[in-house]
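Asks: Take a look at the letters that make up each chain.
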Amino acid sequence: MLLKLTGIEAGYGSIKVLHGVSLEIHEGEIVTLIGNNGAGKTTTLMALSGMLKPRAGEIVFDGRSITGLAPDRIVELGICQVPEGRGVFPSLTVKENLELAAMVVGTRLDSSKAFDTVYDLFPVLKERENQRAGTLSGGEQKMLAIGKGLISRPKLLLLDEPSLGLAPMLVQNLFRVIEQINQMGTSILLVEQNAYQALAIADRGYVMEVGKICAYGPAEKLLSDDAVRKAYLGC
Amino acid sequence: MSLAIIINGLVVGCIYSLIALGFSMIFKASGLTNFAHGESVTIGALLGFTVLKVTGLPFGLSLVLVFILSGLLGILIEKLAYRPIRVKNAPEINGVISSVGMILILANGAMLVWGAEPLAYPASIGGSLFQILGMTVSSYSLWILAITALLMVVLQVFLNRTMLGKSMRAVADSMLLARLTGIKVDRIISLTFGLGAAFGGVAGVLFAPIYYASFDIGVIGLKSFAAAILGGYGNMAGAVTGGLLLGVVEAVGSTTISSVYKDAIAYGILIMILLLKPSGLFGHEVGRRA
Numbered sequence: 001m002l003l004k005l006t007g008i009e010a011g012y013g014s015i016k017v018l019h020g021v022s023l024e025i026h027e028g029e030i031v032t033l034i035g036n037n038g039a040g041k042t043t044t045l046m047a048l049s050g051m052l053k054p055r056a057g058e059i060v061f062d063g064r065s066i067t068g069l070a071p072d073r074i075v076e077l078g079i080c081q082v083p084e085g086r087g088v089f090p091s092l093t094v095k096e097n098l099e100l101a102a103m104v105v106g107t108r109l110d111s112s113k114a115f116d117t118v119y120d121l122f123p124v125l126k127e128r129e130n131q132r133a134g135t136l137s138g139g140e141q142k143m144l145a146i147g148k149g150l151i152s153r154p155k156l157l158l159l160d161e162p163s164l165g166l167a168p169m170l171v172q173n174l175f176r177v178i179e180q181i182n183q184m185g186t187s188i189l190l191v192e193q194n195a196y197q198a199l200a201i202a203d204r205g206y207v208m209e210v211g212k213i214c215a216y217g218p219a220e221k222l223l224s225d226d227a228v229r230k231a232y233l234g235c
Numbered sequence: 001m002s003l004a005i006i007i008n009g010l011v012v013g014c015i016y017s018l019i020a021l022g023f024s025m026i027f028k029a030s031g032l033t034n035f036a037h038g039e040s041v042t043i044g045a046l047l048g049f050t051v052l053k054v055t056g057l058p059f060g061l062s063l064v065l066v067f068i069l070s071g072l073l074g075i076l077i078e079k080l081a082y083r084p085i086r087v088k089n090a091p092e093i094n095g096v097i098s099s100v101g102m103i104l105i106l107a108n109g110a111m112l113v114w115g116a117e118p119l120a121y122p123a124s125i126g127g128s129l130f131q132i133l134g135m136t137v138s139s140y141s142l143w144i145l146a147i148t149a150l151l152m153v154v155l156q157v158f159l160n161r162t163m164l165g166k167s168m169r170a171v172a173d174s175m176l177l178a179r180l181t182g183i184k185v186d187r188i189i190s191l192t193f194g195l196g197a198a199f200g201g202v203a204g205v206l207f208a209p210i211y212y213a214s215f216d217i218g219v220i221g222l223k224s225f226a227a228a229i230l231g232g233y234g235n236m237a238g239a240v241t242g243g244l245l246l247g248v249v250e251a252v253g254s255t256t257i258s259s260v261y262k263d264a265i266a267y268g269i270l271i272m273i274l275l276l277k278p279s280g281l282f283g284h285e286v287g288r289r290a
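Going line by line, the protein sequences match chains A and B.
Using the numbering used here, read the first sequence as starting at 1 and increasing by one per residue.
Using the numbering used here, read the second sequence as starting at 1 and increasing by one per residue.
Next up, chain B with everything else stripped away, as it sits in the complex (with noise of 0.2 Å):
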C-alpha cells in the first residue's frame, strides 16, 4: 500500500472533516442535527462555479467569497427553518421534517438554477502532477490539506480568542445560563449556523474540481455526517479526526479490497467503532444535553 493511497485518503477526508465540523458545531449550539447542510456543499460547489466563470477571481478568492455567501444562506435558512420551530418549542422532531424539507427546497431550488447537468470547474485549477518521494501528487490535494489545515487554524483562534467565539462555547455548554448571563442566544446560534454553512460552501468549492458541482452532490453530507458521529457528535477535535479516518479508510479499503465496496467498507468500520465505543472516539459518557 502507497503513501498516495493514504494522501488521496486525507484529501477526501478533509472535505468530510470540514462538513462534519459544521454539523457538529451546529448540533453542540442549538441542540439539533441540521440534515440540510450537505445542501450547503452543493450550493457552495455551484456558486463557486459561478463565482469563478462569470468573476474570473483567482481560486482562493472565490473561495472567500463563497465562505461568506454560504454564511449568508446559513445564517437565512437558520431564520426561515429552524428558528421558528426552536423559539416555540415544538418537539425535536419538528426540526428533523423542517430540515429534511430544506434538503429538497435547495437541492430542488438548485437544479432550477444550475440545471440537472453536473458541472465542471476549470481544469486549470486541478494543478499540475508532480513527483515527490516516488509518487505521483496533484498539487491541488496539497492545496486542499493546506487549506483545511489554516481554516481549522482558524477556527480555533476564533473560538477560543474572541468574545464571539467565547460566546459561542457557552451556548454550546448551557444554552439557559447562556441566556441568564446577557448572552444574546438567538444571534449566537444564527451566527452558528452560518459558520457552519460557510465551512460547507468552502468543503463544496474544494471538493467540486476533484470532482463536479452538481446539485445533487449534497449526499456527501450523509458520509460527512457519518464521520461526524464517528468523531463523537458534538465534538470538534472528534469531527476533525473522524473525516480524516473515514477518508482513509474509504482510499484504502477501496484500493485493496474493490473500489466497488467503497461505501461498504466505510460504513462497515463505522459500525464496528461505534459498536465499540458508542458514543465516537472522542465522545464522552451518553447523556442529554443540559
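Looking at chain A on its own, in the form it has when it is part of the complex (with noise of 0.2 Å):
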C-alpha cells in the first residue's frame, strides 16, 4: 500500500470541507476522485499535500505517517501535486520552473536525465526553454505544470483538474501522457470532472459527495455503476 487516509477530517477556518475521508493507492496504480463541484475533492488533495492541517483521521505514506508534515517534507518524501489551473511560475522561464522542482529534492541540477524525461513528454518545453512560463499557451503551461510536478520523480503525482480548460484534441493527448508517466512506475491521484475519460485510465475510482466517499471501486465496476452514470457521466 502507497498511500491510507483513514477519516481525514479538514477545512478552512470554521468551514468543514472533509468529513471523514478514507482511500487508498496501491503501487503503479491510477486512482481517480471524481465527484461535483465542491464535494471536497481539491481539499483532500491540500490535505495529502501538507497544506490544510487534518483535524482528524490518519495519512499513513509508503509505511509512515505523514499527518500534519509541512508540505516541503511531503514533496521531499514523494507526494508531488500539480494544483489547477497553470501550475507555474509565469515569471520564471521554463527551465527555472523545472530547476527549482528539481532542486527541492535534491535532483542533482543539469544532470540531465530529470530535465531530459520532461522534454522526451513534452518536446514543445525544450524548444521554449528560455522563455517565461507566463507567455506558454494554456496548453503549454499545463505541460510545464505536469513536467515540473513529474522531474523529482515522485512516487505519487496528484493532479487536480488537469483537463481543465483544454482543448478536447490537447485532453486526448493529456490522458495519454497520464498513462505515460503511470508506465514510468508513478502512481497517480486524478482528480477529474471530466469523469468518463478519467475512469477509462484508472484502475480505481472513489466518488466523493459533500466531503465523503459515496462509492468506490474498480474503474469498470463504476463505469458501469447506475447510479455514477446517472450523477457523474451524464448518461
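FYI, nobody ran anything at the bench for these hints, they're computed from the structure.
Be a bit skeptical, because a hint or two may be false.
Lysine to aspartate or glutamate pairs mimicking DMTMM-like chemistry, simulated, CA-CA at most 20 Å apart [unchecked claim]:
#: 1; chain 1: A; residue 1: Lys4; chain 2: A; residue 2: Asp62
#: 2; chain 1: B; residue 1: Lys184; chain 2: A; residue 2: Glu76
#: 3; chain 1: A; residue 1: Lys221; chain 2: A; residue 2: Glu29
#: 4; chain 1: A; residue 1: Lys53; chain 2: B; residue 2: Asp186
#: 5; chain 1: A; residue 1: Lys4; chain 2: A; residue 2: Glu29
#: 6; chain 1: A; residue 1: Lys16; chain 2: A; residue 2: Glu209
Could you fit the two chains together into a complex? Lean on the hints.
Replies: Below, the structure is given as C-alpha cells:
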C-alpha cells in the first residue's frame, strides 16, 4: 500500500469540508477521485499535500504517517501535486520552473536525466526552455506544470483537474501522457470533473459527495454503475 | 538649470531607490507592507556610525558589515512581528498594526541606545569636492552612484542566477504554488525581509554622511515608500526608477521654485502620476495577488 487515508476531516476556518475521507492507493495504480464541484476533491488533495492540517484522521504514505507534516517535507518524501489552473511560476522561465522543482528534492541540477525525461514527454518545453512561463499557451503551461510535478520523480503524483480549460484534442493527449507517466512507475491520484475519461484510464475510482466518499471500486465497475452514470457521467 | 542639480537629485534618488527596493521585494514576497522598513535605514545609519567609530574599519568594509547586521535584524523582525500573523492567517490589517508597533519599538530603542542627538559621520567620508564639466561635485556623490549601481547589478545577478534568488521570485509569483513545489516558503520570506533590511541599512549608511544619523531619520522611509508606489509597487525596476525620479524632481523643484516646497512638489508629482497611471509607472493591471 502506497497511500492510505483514514477518516480525514479538514476544512477552512470554521467551515468543515471533509467529513471523514478514507481512500487508498496501491503502488503503480492510477486512482481517480471524481465528484461534483464543492464535493471536497481539491480539499482532499490539499490535506494530502500538507497545505491543510487534518483535524482528525491519519495519512500514511509509504509506511509512515505524514499527517500534519509541512508541504516541503511531503514533497521530499515523494508526493507532488500539480494544482488546478496553470500551476507554473509565470515570471520564471520554463527551465527555471523545472530547476526549482528539481532542486527541492536534491535532484542534481543539469545532471540532465530528469530534464530529459520531461523534455522527451513534452518536446515543446525544450524549444521554449528560456521563455517566461507566463508567455506560454494554456496547453503548454499545463505541460510545464505536469513536467514540474514529474521532474523530481515522485512516487505519487496528484493531479487536480488537469484537463480543465484545455481544447478537446489536447485533453486526449493529456490523458495519454498521464498513462505514460504511470507506466514509468509513478502512481497517480487524478481528480477530474471529466469523469468518463478519468475512469477510462484509471484502475480504480472513488466518488465523492459533500465531503465523503460515497462510492468506490474498480473503474470499469463504476463506469457501469447506474447511480454513478446518472450522477457523474450524464448518461 | 544645471547638471549639478540633476546629479544631486540622482544621489538622493539612489538612497530612495535602495529603500524602495526593500519595500517592493518584501511586499512582492509576503504580500505585506513593512511600514517599519524605514527603521532599518535608521538602525543602519546608527550601526554604521558605531562601526566606523569603534572599529575604525574603512567605509567600504563598514558598509558590508552593516549590510549583514541589518539583514540579520530584518530576519529577526520578521520572526517576531510578522511570521506569527502570517502563519495564523490573521487579517492583513494586523500586519499593518504590527509593523507600526515595530516602528515605535525600533525608533525608541535606537534613541535609548544612541541618544536623541543627531550624530555626524567623520567629515573625511564626505570626500573632496572637485570640478568636472564646470560643475562642483563631491567625490562622495559619485561613490553613492557607483555603490548603488553595483548593488543593483548584484541584486539582479542574485535573483536571476542563484537558486535562492529564483526561489524568491517563485514565492513572489505564487506562495501557494511555491509551497506545493516544496520550496521552504517561510525561510524564503524571512530571507527576503533580511535582504530588504540589508538594502535599507546600506541606504542609511550612505545617507548619513550627507545628512546625519539619528533615531528619527526613518521618515525617509515614507518618501521611499511613495517612490516604490510611483514606480509600481512590487516591481523592482519600478522601485529604482521611482526613487531616482523622486530624487530628481525634488532637487529640481526645490531649486527652481523653493526648497520650502520640496516635499509638496515631490508628492504633488506623485499624485499627478498616480492619477494618470494608478498602478504606477511599471505597474501592470490592477489585480489582487494570487
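Asks: Hint by hint, say whether it matches the structure.
Replies: Hints versus structure:
no., hint, verdict
1, A:Lys4 x A:Asp62, "holds (9 Å)"
2, B:Lys184 x A:Glu76, "holds (11 Å)"
3, A:Lys221 x A:Glu29, "holds (16 Å)"
4, A:Lys53 x B:Asp186, "holds (17 Å)"
5, A:Lys4 x A:Glu29, "holds (13 Å)"
6, A:Lys16 x A:Glu209, "holds (14 Å)"
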